[in-house]
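The whole structure should be built from the sequences, with the hints applied where relevant.
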Amino acid sequence: MTPATGSRERILARIRAAVAVAPEQRIRRAYRTGARMPRETLIELFAERVRDYRAIVHTVAADDVPGTVADALARRGVRRLVVPAGLPGTWLARADAEVERLADDPPLSAAELDRTDGVISACAVAIAETGTIVLDAGPGQGRRALTLVPDYHLCLVRAEQIVPRVPEAVARLDPRRPLTWISGPSATSDIELNRVEGVHGPRTLEVVIITD
Amino acid sequence: MPAFPRSSARAAADSQLRFNLRKATHTIRGKRANVVAELPDWLELRAAGKAIKDHTLRNLDRYLIQLERAVTEAGGHVHWAADADEANRIVTDLVKATGETSVVKVKSMATQEIGLNEALHEAGITAYETDLAELIVQLGDDRPSHILVPAIHRNRAEIREIFLDHMGEWGRPAPDGLGDDPRALAEAARLHLRERFLTTKVAISGANFMVAETGTLVVLESEGNGRMCLTLPETLISVVGIEKVVPTWRDLEVFLQLLPRSSTGERMNPYTSTWTGVTPGDGPREFHLVLLDNGRTDVLADEVGRQALRCIRCSACLNVCPVYERAGGHAYGSVYPGPIGAILTPQLRGMDTPLDASLPYASSLCGACYDVCPVAIDIPTVLVHLRARAPHEPAERAVMRAASWLLARANRFGAVQRLASRLRRLIPRRAPGPGPLAAWTDTRDIPPIPAEPFRDWWDRTEGGAR
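The listed protein sequences correspond, in order, to chains A and B.
Heads up: take any position in the first sequence, counting from 1, add 810, and you land on my numbering.
So that you can map any letter, position 151 of the second sequence is 146 in my numbering, and since no number is skipped, the others follow by simple counting.
Do not rely on the hints blindly, as some may be mistaken.
[To be verified] Just so you have them, the derived chain A footprint on chain B, three or more residues with Cβ under 8 Å:
{"no.": "1", "segment": "37 to 47"}
{"no.": "2", "segment": "71 to 77"}
{"no.": "3", "segment": "122 to 135"}
{"no.": "4", "segment": "184 to 196"}
{"no.": "5", "segment": "342 to 349"}
[As the list claims (entries may be wrong)] Per label pair, the in silico range of CB-to-CB distance:
{"no.": "6", "chain 1": "B", "residue 1": "Asp440", "chain 2": "A", "residue 2": "Ile866", "range": "53 to 59 Å"}
{"no.": "7", "chain 1": "B", "residue 1": "Glu95", "chain 2": "A", "residue 2": "Ile866", "range": "35 to 41 Å"}
{"no.": "8", "chain 1": "B", "residue 1": "Asn406", "chain 2": "A", "residue 2": "Glu834", "range": "44 to 50 Å"}
{"no.": "9", "chain 1": "B", "residue 1": "Asp36", "chain 2": "A", "residue 2": "Arg849", "range": "19 to 25 Å"}
{"no.": "10", "chain 1": "A", "residue 1": "Glu850", "chain 2": "B", "residue 2": "Asp88", "range": "32 to 38 Å"}
{"no.": "11", "chain 1": "B", "residue 1": "Arg151", "chain 2": "A", "residue 2": "Ser919", "range": "45 to 51 Å"}
Don't read these hints as lab results, they were simulated from the structure.
Cβ atoms here follow ideal geometry from the backbone N, Cα and C, with glycine treated the same way.
This is how it looks when you write it as structure tokens:
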């Protein structure tokens, strides 16, 4: 690492010389932070914004979650489903007995993940204004590859996880964990600016919002 | 590479290119305007973004050291590269140490700037671009023409041809009977690249932001190729310009609002990934961060020009620029096209070549770029500042000296105005060429000269009272 150390000192010295007489800059945060919204508004806005990304959205009470999940998996024709550790067992209580549940223990290889039909997960935080879901590899979410390689992602969001705007989400999250912010399914606009769901990552995102 | 006027004239004559560019820039600019208008505090966010970047640049040494410590504590390794050669050498050595001969890449302006793919190629390592547009550019042996949508100059028929002709040379060939529907083309790219993602052990990325406080790197993307590269390989190497650092985790609350809305005109881009060093059992086992100077400290030393380092590469300035819309990205001869390229490139590279010296003139100074810039870079002012620093021809210098002598005294200027009024019928609409004056009048009309100078009219009529 000797030559690298030389460049480090040279770059730092050049920076110090360059800004020696530059004025100090104060940071003012006059933008909106700490927003609050009634729960119904949060749910409604979040659902509307996620739909804008062409994701499938359901808003249901906790009692209806098992049925909604079972229907979603059946409609999609899911036979092999990745289930991260820590996912509430009740969510899959009504899922077809023929759905094979794949645990990530021992870890599934990327090729194995590629051969599955989809993944179900919880989330850490959701943002109403932007329709964003954030995963932090916590319980029910698993490592990042689980929600990346399968082509279908069924994600469950509890109402109390929805915050109004980006600043409230940043404040809730722990940067030491690897975070994945998801706003709709994978998409590209590189060909004549036509939006196509793909190219990589799940091309279908289905979101179930649990209201209570 | 010829100077900007010549290459832009060639691009402006290509009607297909002009059509593509116009459609793309107008579409994105409309979307951007809509989502920006949704936020009542856009100007406050913009002011905060500008202030955070200025504060960081003023204290860049301190924040880079803090970042280095945080990344190291989180299990990463930090390398410093003074220039492109050193960065390429560091990355090449890191890849060689893994024993691998191929790498997957997330789209990155910094690695394009240093010509990393070419350097790796010389060392026997193949770099595969995984962003769809970058893939189109790479397969077509072409150059990117836009920061956000690098293949914007290509239409679907051209992309289909490129896939059919060249995909097989790089891996899985395009499917038989491939049509030119964007959905089919995207599917072909998905199949082509998926095998690669599942087997490649080394990835190279850039980053949109680096957080000094926590050592966190951030990548914003749409397709998921970024997530693939940042998650599946065993080794991740990120090459990032030193100006990309922000002080605190909280600062992201500003930039995660400013960047997607300015860039793709969306409330949020489909995927944002953050990672802090390595996480056991999740993602790469080894992480290297290469901090790149490559001219940035020169830019930092320029009191007026250093604001270009605030740039977050959103490309909003390209999409509103009347010059970019007609000239296209290739005419700028740099990975940074458009208004931001016109100020960043000559500062990073110096103004020794005719191309780099011509870039500060690649603008009508209309100011639209300044209006849309999410971090308020005053591009017109920097352009004018750089024009003064650019080398000028003797004839041009003589004209400028004469003009400054003339304009220094009101009586001199008045006398010339009266002379011009008397001779106005003799003054042609175009200056006789060749020479800088003729070049100027080739693209502009000499305004009609009034029969009487305004000041004389004012004196004679007491401001129109008589």
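Margin query: For a quick check of understanding: which of the numbered hints are violated here, in increasing order?
Written below: Those not satisfied are hints 5, 10, 11.
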